[in-house]
Amino acid sequence: MTAEIEQDDDSAGAPRRVRRLIPASVIGRVLAVFALILLIIVLFIWIQRKPIANGYIQRALAKRGVTARYHIADLGISTQRLTNVVIGNPNHPDLVADWVEVGTHVSLNGVSVQAIRAGHVRIRGKLVNGKLSLGEIDRLMPPSTGKPFALPTIDADIQDARMHLETPYGTVGLKLTGSGELDDGFSGVLAAVTSKLTVAGCSFDRASAKLRIAVSDTQPLIKGPLGAQQIRCGNVALDHPALQVNALLNGALDRWKGQAGLNVRTMESAAGRAQSLSGAVHFNGGPERTTGTVDLNGQSFATKSASGGVFALDGNYTAGSAGNSFDGTVAAHNAQLAPAMMASFIRVLHGTQGTPVGPLAAKLGSAALRAARDADLNAQLAVDMNSRIVAVSRLNLTAASGAQVAISGNQGARYRWSDGALTLNGLVSTSGGGLPETAIRLAQEAPDGAVTGTAIMRPYQAGSARLALTPVRFSAGGGDSTRISTQVTLSGPLGNGAVDRISMPVDARWNGAGRLDINRGCAPLTFRKLAVSGLVLDPAKLLVCPQSGALLTVQKGRMRGGAQIAAPQLSGHIGSTPLTLAAKGSEFRFADNGFHLADVAARLGSADSMTRLDIGSLDGKIQGGSVGGSFADSAGQIGNVPLLMSKAAGDWKLINGALTLDGGLQIADAQTDSPRFKPLVSDDFHLKLVSSDITAGGTLKTPQRGALVTKVAITHDLATGTGHADLDVPGISFKTDGLQPDDVTPLTYGVIANVDGTVSGQGHIAWNAKGVTSNGDFKTTGTNLAAAFGTVTGLSTTVHFTDLLGMVSSPDEVATVAEVNPGIAVENGVVHYSLPGDQRVKVAGAQWPFAGGQLVLEPTLLDFHAHQERHMTFRVSALDAAQFLQQFDFDNLNATGTFDGILPMVFDDNGGRIVDGHLESQGGGTLAYVGSVSQKDLGTWGNMAFQALKSLKYRNLNITMNGPLSGEMVTRVRFGGVKQGKGTKSNFLLKRLTKLPIVFNVTIRAPFRQLIDSVRSYYDPTTMMQQNLPALIEAEKAKDEKNAAESKTAPDASVQPPESRNMP
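Under the UniProt record's numbering, think of the first position of the sequence shown as 1, with each following residue one higher.
Nothing false has been slipped in among the hints.
Cβ pair distances, simulated, as ranges:
1. G549 - D619: 14 to 24 Å
2. G320 - G185: 27 to 37 Å
3. A582 - A340: 42 to 52 Å
4. S321 - G549: 51 to 61 Å
5. H333 - H240: 22 to 32 Å
6. L132 - G320: 15 to 25 Å
7. G119 - H240: 31 to 41 Å
8. G549 - K304: 32 to 42 Å
9. D619 - S431: 38 to 48 Å
10. D619 - R483: 29 to 39 Å
11. N334 - D160: 44 to 54 Å
Below, in silico cross-link-like pairs of lysine to aspartate or glutamate (EDC-like), each with a Cα-Cα straight-line distance of 16 Å or less:
12. K126 - D138
13. K63 - E136
14. K304 - E268
15. K711 - D683
16. K701 - D669
17. K621 - D651
18. K647 - D683
19. K647 - D633
Think of the hints as simulated: they come from the structure by calculation, not from any bench. Since we're looking at a predicted model, the values are computed, not measured. Backbone N, C-alpha and C fix where the C-beta goes; we use that ideal spot for every residue, glycine too.
Throw the hints in and build the complete structure from the sequences for me.
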């Protein structure tokens, strides 16, 4: 018996079944055919006998339509011998034999054949519709008796019988040699060879067989090898397959039993390759049903999905027309999965790096990889070829790593390869080797029905990461109806921090095509602690909703999706610093571990030293051990630092417990009701928070001009609420056409303007639980400015602030002024002052040398609050009139005399003004005009008056001033005791006049800056005579008449009216 592989037409990948290449019945029939052919020929010839045989045989052959040639060599009673026998078309004979000899026995019952012998016999046959046809020899065959086939009792001796057999599958050459009783004692060799056979889609290349046949008690025993160079069925190819057959048939040749040893060098298919197949097949049965055992082994195998070493197939099979099946075990040793099979799985796990699941995924991935590298597999397998079902009722996978995967119970997994239907029933468990310990019970009533079950997993831990699941319930149907529900509790690292017992219910959906959606609806999330990069959050409960579609989607090894949390409120600490966080909304993306928060309100530190950060938009990503991103539209305040930050935008990072912010912002005075400086901006501000220590700094500039104001460096300890800020002002340059103090501070508005100079210095601000202190030193040199009382030139001073924020200085600061010009320039002044705070300046005193005397500013307190009046009182002492006139270029006037006086001034929003200013001469003096004036210029009377009054002596002179410095000043000049001085002319009239007690009252209404010019015009006799002398003479005449009438009764009286007319 031999075997061939036949491919089932329904599926190229289905198991193959064993068929007989040369059935036992064919072998028996071949023997019978040889014997029967010879017997018929011999009997036919014998009956006719030699004398009459030839004609009779020819007629009999012709009657049957058989063409034959032969020679009767011997025709005896017991022996008949024919030579050169040819039957059929001579050109293509159906049989050729060199000689044939038949032994017969004659008895009362007739003639019987007892022996047959033949030399070289060549027969041509065909297999048509499953029946053997021998051409014209078929016409010599006796009709069937209907009795079961049985080997005849004939002694056969066949030296060399060969058949050329043509079949629909290919051409086969057969050769038979042997001798002995055909039904008991025959021994011979049957050989078969073919270049190629194609049977049921399977091709046999250069197949051959050499079978030894021994018949005992009507039962043939067949032994020998069968093999081929290659057998190919569909995409399955066997290289050099070989069978060693040992089969025993019954007398009817319809039952057999025995075994066959199998060896295959290689077996290849689209699925993979197996090396060195060997084993044994035992069989017992008949055409309808043959049963037996299979014990096959291979040295190695390799497929697209797996490879391994020794593998084995061991079990029972049934084959035949009633059906084909197998039930046994499949085992593989040193099996390993192909890397490509693990790639997508590992890719999914790799995507969890940096998340709390990361260590668990790494452990699971490592365990799976180690288990996949070397494992032993043993499975209980059942195959039913009729129903095309393969079932795995038990599977045990034991890896060298210690990992174990098992399927047991009920029907297990059943797969129908004709339509791909799969049913799952049983228990799947995993354990050992780093795998989670799980037990999954599966139930499915029908292939198209839902798979339901429950999975129980012990808490899975890897380092600090731990995953716990409540019993996982699932139901898997068609489409995306697979649902998985459980409660997940997870602990693990997050960046360089950790999350402790974060928990939420999970409702997952699997679409059966590689996509997993988790939580399509909102679910509560709780955690006991969350820490990342030094940030630690207290226990919280949040409602987490999917951002779009699902909270988390896993597909093709990638994660996407996101979470939304409405109005989260969290508390915790950074280092030892308390922290509260609130936001109007937040989003988290799983694809890149990114997040976005809107309107964040962060509070750090204790209530008495709170650091506030209000962030309009905060974006970030968790990457490795860091968290970072960008922020915009932000504001805040660091502890007790009296600075407000706003319009902040830039980048931030949280790594190894250190929070850094870099970007631009605006800084303003925290004293918002009355700010001490205007908002400044910085485009290089840097803030860093490590544990509870904050360091910050940057360059502050004016927002419009971008002028550098100061460099600030801030440190703050959130734990203690202490810190300090250092201000470095390298030099603020003020220009009349550029930056002005009121661009920096509102305190100078209305006080000074048109500043041209530089201010530099350093300031220091410190704060703690008790309060804020500050100090600093600032200076300016040679600065020019305009003040309410006039222009200031060459102002130089250094100020030491004992309270910089309060603008409080040391008690005695000194400023030098090259010139002050409130209308009358005074030079080289020294001012002693201090800043008591509250926008006030305390002047201890100031003095200037002035026209041989001194101009002294009396002590005063100047309040620079808005709408406040500032009072300044200047005192003039020992002013020399001659120097005064010389200082102001009165070239045509000479004067003598010394003056003292006081000039009270008031400054407010409308500017400065003099209130009751008063100057008074000490002991009289002179006024003289030294210019040249002709009679032609003045006329007769004018010349007479000029000659008389061009030099005057006065006994007293008073000047009173009232009015604004920038508007119309009212100055009243009064001098009396006037007499002629040196160089004047006298006559009768002038002598009379000089005896009168003359008093001059002059009122000047003019801007303060025009005052000196007005005074010059009054002291110019030419102008005074032209305007006043005629009226004075007329007045004198009237006065004389009146005085003559009243001289006896009235005292001397002034002849001048109380006040002359207004002068322009």
